[in-house]
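Residue-level listing of the chains:
There are 2 protein chains.
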Amino acid sequence: MTDTVLTNAWILTVDETMTIHARGWLHISGDTIVALGDGAPPQVPNAEIVDMSGDIVMPGMVNTHCHMAMSLFRGLGEDVDDRLFRYMLPLERKFVSPEMVRAGTTLSALESIMGGVTSIADMYYFETEVGHVIDRAGMRGIVGQTLADFDAPDHKSFDAGFALVDELADTFADHARVTASIAPHAPYSTGPAIMERVAQWSDDHPGLPVQIHLAETEPEIAWAREKYGLSTVGVTARSGLLKPSTIAAHCLLIDDDDIAILAQSGVGVAHNARSNGKGGRGMARVEDMRKAGIAVGIATDGPMSGNTLDLFAQFGVVSIFAKILGHSRKPMPTKDVIRMATIEGAKVLGLDDRIGSLEAGKKADLIRISLAAPRLHPIYDPYSMLVFAAMPTDVCDVMVDGNWLMRDRQVLTLEPQKVLADALAVADKFRTEIAAIDAARQKE
Amino acid sequence: MTDTVLTNAWILTVDETMTIHARGWLHISGDTIVALGDGAPPQVPNAEIVDMSGDIVMPGMVNTHCHMAMSLFRGLGEDVDDRLFRYMLPLERKFVSPEMVRAGTTLSALESIMGGVTSIADMYYFETEVGHVIDRAGMRGIVGQTLADFDAPDHKSFDAGFALVDELADTFADHARVTASIAPHAPYSTGPAIMERVAQWSDDHPGLPVQIHLAETEPEIAWAREKYGLSTVGVTARSGLLKPSTIAAHCLLIDDDDIAILAQSGVGVAHNARSNGKGGRGMARVEDMRKAGIAVGIATDGPMSGNTLDLFAQFGVVSIFAKILGHSRKPMPTKDVIRMATIEGAKVLGLDDRIGSLEAGKKADLIRISLAAPRLHPIYDPYSMLVFAAMPTDVCDVMVDGNWLMRDRQVLTLEPQKVLADALAVADKFRTEIAAIDAARQKE
Chain A
137 MTDTVLTNAW ILTVDETMTI HARGWLHISG DTIVALGDGA PPQVPNAEIV DMSGDIVMPG
197 MVNTHCHMAM SLFRGLGEDV DDRLFRYMLP LERKFVSPEM VRAGTTLSAL ESIMGGVTSI
257 ADMYYFETEV GHVIDRAGMR GIVGQTLADF DAPDHKSFDA GFALVDELAD TFADHARVTA
317 SIAPHAPYST GPAIMERVAQ WSDDHPGLPV QIHLAETEPE IAWAREKYGL STVGVTARSG
377 LLKPSTIAAH CLLIDDDDIA ILAQSGVGVA HNARSNGKGG RGMARVEDMR KAGIAVGIAT
437 DGPMSGNTLD LFAQFGVVSI FAKILGHSRK PMPTKDVIRM ATIEGAKVLG LDDRIGSLEA
497 GKKADLIRIS LAAPRLHPIY DPYSMLVFAA MPTDVCDVMV DGNWLMRDRQ VLTLEPQKVL
557 ADALAVADKF RTEIAAIDAA RQKE
Chain B
137 MTDTVLTNAW ILTVDETMTI HARGWLHISG DTIVALGDGA PPQVPNAEIV DMSGDIVMPG
197 MVNTHCHMAM SLFRGLGEDV DDRLFRYMLP LERKFVSPEM VRAGTTLSAL ESIMGGVTSI
257 ADMYYFETEV GHVIDRAGMR GIVGQTLADF DAPDHKSFDA GFALVDELAD TFADHARVTA
317 SIAPHAPYST GPAIMERVAQ WSDDHPGLPV QIHLAETEPE IAWAREKYGL STVGVTARSG
377 LLKPSTIAAH CLLIDDDDIA ILAQSGVGVA HNARSNGKGG RGMARVEDMR KAGIAVGIAT
437 DGPMSGNTLD LFAQFGVVSI FAKILGHSRK PMPTKDVIRM ATIEGAKVLG LDDRIGSLEA
497 GKKADLIRIS LAAPRLHPIY DPYSMLVFAA MPTDVCDVMV DGNWLMRDRQ VLTLEPQKVL
557 ADALAVADKF RTEIAAIDAA RQKE
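Line by line, the protein sequences are chains A and B. Throughout the first sequence, residue numbering follows our numbering, covering 137 to 580 in sequence. Throughout the second sequence, residue numbering follows our numbering, covering 137 to 580 in sequence.
It is possible that part of the hints are untrue.
One copy or any two copies: either way a pair holds, since identical chains are not told apart in the list.
Stated by the list, open to error - Taking lysine-lysine pairs in the DSS-like style, the calculated list, with each CA pair at most 25 Å apart, reads: (1) 363 x 471; (2) 427 x 565; (3) 554 x 565; (4) 230 x 579; (5) 427 x 471; (6) 379 x 427; (7) 230 x 292.
Calculated directly from the structure, the hints in this document are not laboratory data.
Using the sequences provided together with the hints, build the complete structure.
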């Protein structure tokens, strides 16, 4: 068992009372935090002592919804309303392969680590590849095999999709950091019958989360209303799919009744602020959901929608949306943003007994924020600094399960130059097709 | 006359047709761009050749509204609705001095340069100090002496304020990069009579801009309506203060009639997206103003309101606000965001004949964006990459008037460690007072 003692750290524990250790130490044994506190660090025989130089040490951040492989489509079709049908689906049908998923997911894992994200919930295709990438990168992940009716790249029928889910669950059974998940794409693209089958699968596989896009778009709302006389949340609830192990992404177009249903179900919500905003779709009622007792985490969405894989880029937007909706500075104080990015995100993923805060007995998933940049100073409140001034490039060290994934901004588990070269080699094959789509669009 | 030729650059000129030179070169002689193009660079005798390694070269960015010295109050009173009266005014009355202004403005100049901002419009107190800091930092700036009726830190009467403005104008007469400006705080805090006097001063000093906060808060709207039966834009227009040399910050709470008045006047608008959002105040109608022909630039506001001094942090919010207001992905395409950050911002400052685009005859104000970070790739559209993925830390080189202010992220005109130490030495004196304000607030 390796022991490590971090010293001279400004520790933001994000525990229940938001304890801060201003000159703190933290003792890690193996993969677990065994003790932490203020003042003189304990003498631990044979421990590695790492001086944090007064920098901030906080829980690793949790990205509650992503499609990591889509980094290879980053920034495509911005400013185009029918981007889904014009760019995304045609490109996915043509190019998504195990190799593409591996290359894109690895690029995203690299970026996630460099931005301080230690846990991520992903849903995409060939998801076993995603699990292997997250395993190798040393991150923690919920990997969800997508099920959908729209000619998905890796399954031509729901039966074939369920077979992929079973394979995924077998592959990562008992893995310490990678958890398999079943991911029906959305209510409208799977339908009540398949959602019921997913709910049954979920009952048969306790501990494996469900992931679904929910109440994200207006056509989805219209579909539920016209076909079932219900909200899309209502249709999903009736299918038995809203349960504590469910991660519902977006929950943007919801009313008070929907919030009550979501709260009652114990579902966790992934708030994709920038993605919703970039789509011109609106501002999710996050404060209302949280007041109703729903755990809401922060999410980047896929990099074709949200562009980047760090939560810092979300923080400002998460905060601003809440303040504009509440017409006041008070909603979503900076402390709450950091809670959402850590312990509340962990709760959404069903991992809050293991991660999300720095407490004795929890896994050692933590990050160090360098305070070297002049633009961070003066610091009157560390949460304000993190939410409104810090950037992913301020993250200097990252640890998951007691293992360093990054030290002094050098990623230890991946080779950045090779990761980028591999990703660009795959993406370069898309360019002819993309140019054709661009040209067709410009002709109209 | 020094000649420099930049080679192997991905040049975004931001000229009228948004010309891009994919393998471009750019020839600078003295402070001026003399030629640029694609392909083989010209042979210029004795020129320094600088290889840009395929990185992006674009116009330096323009921050159209700021209170630079307030970096020393960065992040204070977040989430507090009466922050202005509880924190800002008491702290300003007690602590604003020439030394404080010098230290805070220098910290902000450092951050601005490191974030790719080459021109800035500032309004604050002891503004002659601000001009000297901008001069020494090598930046370009509009420096506005604030006039206000609320016991300002550097003048106890409007007459004294006008004397400071005159002194400022004398000090920077004929300066190549620093332009004096008169800055009535806001319509409600100066009143029509003083606004008329400012308009007269402005007529007497052609080329020196007026800066004013306009239509930012609800009490301001109520003041104008109750006292004059007009909108605040209407009151200001009637005072003669809306003219092409006026920079109107915010223009948030405006209606169609106000937009028509603003457009007719030729005023430029500084859009403070994050500051407005953080205040819970709303989303300015930027697309409507631009469609009416009003030049709108991007602005950070002071770091107590907006926290950071780079425009990258604004880009996502500027874009998202427009898309949410338009309920579509189409409004505010990424190209337009970059235009606002450069040539349109330059127009707001009255400098578009000199800066804001890379064209022969313009001043050599430019920045280089490193493409080294994996998170920026793949790049299908450089504007999308700049708006939604790039960060201030990607800016590696900065030039103003043909002089390098930063190379390889080393600022050449300021000493970062000393700048930070000086700023913290001043800010540390505020902490007792801040703790008292915090404590009083928590008792309530």
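Hint check against the structure, violated hint numbers in rising order:
Checked against the structure, the hints that fail are numbers 1 and 2, while the rest are satisfied.
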